[in-house]
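**Q** Sequence:
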Amino acid sequence: MRGGAGRGGDFQAPAPLLTCRALAVFLSLQAPWLRSGPGRCEALAARACLVAVNPARGPGPRGARSGKIFHNLMERKDFETWLDNISVTFLSLTDLQKNETLDHLISLSGAVQLRHLSNNLETLLKRDFLKLLPLELSFYLLKWLDPQTLLTCCLVSKQWNKVISACTEVWQTACKNLGWQIDDSVQDALHWKKVYLKAILRMKQLEDHEAFETSSLIGHSARVYALYYKDGLLCTVFSVDYNDELDILVSGSADFTVKVWALSAGTCLNTLTGHTEWVTKVVLQKCKVKSLLHSPGDYILLSADKYEIKIWPIGREINCKCLKTLSVSEDRSICLQPRLHFDGKYIVCSSALGLYQWDFASYDILRVIKTPEIANLALLGFGDIFALLFDNRYLYIMDLRTESLISRWPLPEYRKSKRGSSFLAGEASWLNGLDGHNDTGLVFATSMPDHSIHLVLWKEHG
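Going by this note's numbering, the first residue of the sequence shown is number 10, and it counts up by one from there.
A portion of the hints provided could be inaccurate.
Under the rule of at most 27 angstroms between Cα atoms (straight-line distance), these lysine-lysine pairs were calculated in the DSSO-like manner [what the hints assert, rightly or not]:
hint, residue 1, residue 2
1, Lys-299, Lys-213
2, Lys-295, Lys-268
3, Lys-185, Lys-213
4, Lys-468, Lys-203
5, Lys-295, Lys-330
Between beta-carbon pairs, the in silico distance windows are [what the hints assert, rightly or not]:
hint, residue 1, residue 2, range
6, Lys-333, Leu-150, 47 to 53 angstroms
7, Gly-306, Arg-376, 25 to 31 angstroms
8, Leu-362, Leu-272, 53 to 59 angstroms
9, Ser-273, Lys-152, 51 to 57 angstroms
10, Asn-401, Leu-146, 34 to 40 angstroms
11, Lys-152, Asn-401, 40 to 46 angstroms
12, Glu-145, Phe-88, 36 to 42 angstroms
13, Glu-339, Lys-203, 51 to 57 angstroms
14, Arg-376, Tyr-149, 58 to 64 angstroms
15, Asp-264, Lys-333, 20 to 26 angstroms
16, Val-377, Glu-422, 27 to 33 angstroms
17, Glu-422, Asp-264, 28 to 34 angstroms
18, Asp-444, Ser-413, 18 to 24 angstroms
Keep in mind that the hints were calculated from the coordinates and are not lab data.
Beta carbons are placed, not taken as given, at the ideal position from N, Cα and C, and that holds for glycine.
Kindly generate the complete structure, drawing on both the sequences and the hints.
**A** This is how it looks when you write it as structure tokens:
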């Protein structure tokens, strides 16, 4: 026997042999909301017995006869008039009186009415806002939920899955919060949902320190002193940069100078002096901001030694002067790590105190990112979202939005040269945000004591 209004099943008439008392107990268990006074269940049970004498006949003859008598006694128009009048009266009652009226109507109801009430009560009390609200309002509400909750909601029903999967902004934001690059021209919500599912797997790999794998290049018969990576090609050169458009190559060396070479002819065009230590890094980059000293589109040359970063104009004037010198400490008490990052807008260098970031337009220090738990981290790469760092034991990935280390990878005992030429970062576009395609290939390379080259590579998705 299935229960009535309180237990989720359709109300079924009790067997003929059930006594009134037994049916009263049954109803009190199945519909506890009917218990509101002595003898009430007994009265309702007795009424139910009159309605359903034989369960094989469905709801019972009383329901059928009552419908027939109703139509005979009151025409539809008269019923609507009566219903309007009683509705006006009902609305004029107090809440307590309305409740009492409903209780009285329930006590007069038969099996058909109780089943009707049971079937419709849940719909009345629990509204499905995703079905009822306009799509724009549903999308607005969904933006307040975190992605994991949204994925759970997709399992509720086909309708919910359809609405949630169609909300482009929700999934784009979820990808962006994970550090993913977003192409706003792509408005396919299902595409961004798939990207998010792929992104969260990659971020889980990073958090679990399982995103990379290692390999080795073997072939050198002597120590590898320098490495260079450009457009997927790994070479052995020291502190150089070049530009095909300008047809020049720049180099820094241990004689404290920066040399500018004609790339096609191989002749030295200029020698820049001013450093008092080994020039460990040179960067040739196009400027992207405007200042008193340069305009967007101008090519800028940066060079760094142990204590200073110098900014040079690109020209062929003999003994041209440095435009600006940047340092962390005036008394040279703080050393710079042998790595320098410049993207046309910001200059970033690592020191014993942390990562220093300068605004290239004003040369002001924008921020100092400190990692007190790990000292002397060297900089490999710096982007809009992530930074790649390392020390003697691990390779680290930092989320620059929170300034926290989100992943690490163990490194073998390698040769860490003082000028920083024996280690390098690979493809760096992912530092500005992952996109599902740029997390492939080389991440880090360094020379080893056995004359081999140790590689850290992105692991495939999965």
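**Q** If a hint holds in the structure, say so; if it does not, say that too.
**A** Against the structure, the hints come out as follows:
no.: 1; hint: Lys-299 - Lys-213; result: violated (40 angstroms)
no.: 2; hint: Lys-295 - Lys-268; result: holds (18 angstroms)
no.: 3; hint: Lys-185 - Lys-213; result: holds (16 angstroms)
no.: 4; hint: Lys-468 - Lys-203; result: holds (19 angstroms)
no.: 5; hint: Lys-295 - Lys-330; result: holds (19 angstroms)
no.: 6; hint: Lys-333 - Leu-150: 47 to 53 angstroms; result: holds (52 angstroms)
no.: 7; hint: Gly-306 - Arg-376: 25 to 31 angstroms; result: holds (27 angstroms)
no.: 8; hint: Leu-362 - Leu-272: 53 to 59 angstroms; result: violated (37 angstroms)
no.: 9; hint: Ser-273 - Lys-152: 51 to 57 angstroms; result: holds (55 angstroms)
no.: 10; hint: Asn-401 - Leu-146: 34 to 40 angstroms; result: violated (56 angstroms)
no.: 11; hint: Lys-152 - Asn-401: 40 to 46 angstroms; result: holds (45 angstroms)
no.: 12; hint: Glu-145 - Phe-88: 36 to 42 angstroms; result: holds (40 angstroms)
no.: 13; hint: Glu-339 - Lys-203: 51 to 57 angstroms; result: holds (53 angstroms)
no.: 14; hint: Arg-376 - Tyr-149: 58 to 64 angstroms; result: violated (34 angstroms)
no.: 15; hint: Asp-264 - Lys-333: 20 to 26 angstroms; result: holds (22 angstroms)
no.: 16; hint: Val-377 - Glu-422: 27 to 33 angstroms; result: holds (30 angstroms)
no.: 17; hint: Glu-422 - Asp-264: 28 to 34 angstroms; result: holds (31 angstroms)
no.: 18; hint: Asp-444 - Ser-413: 18 to 24 angstroms; result: holds (22 angstroms)
Checked against the numbered hints above, the structure violates hints 1, 8, 10 and 14; every other hint is satisfied.
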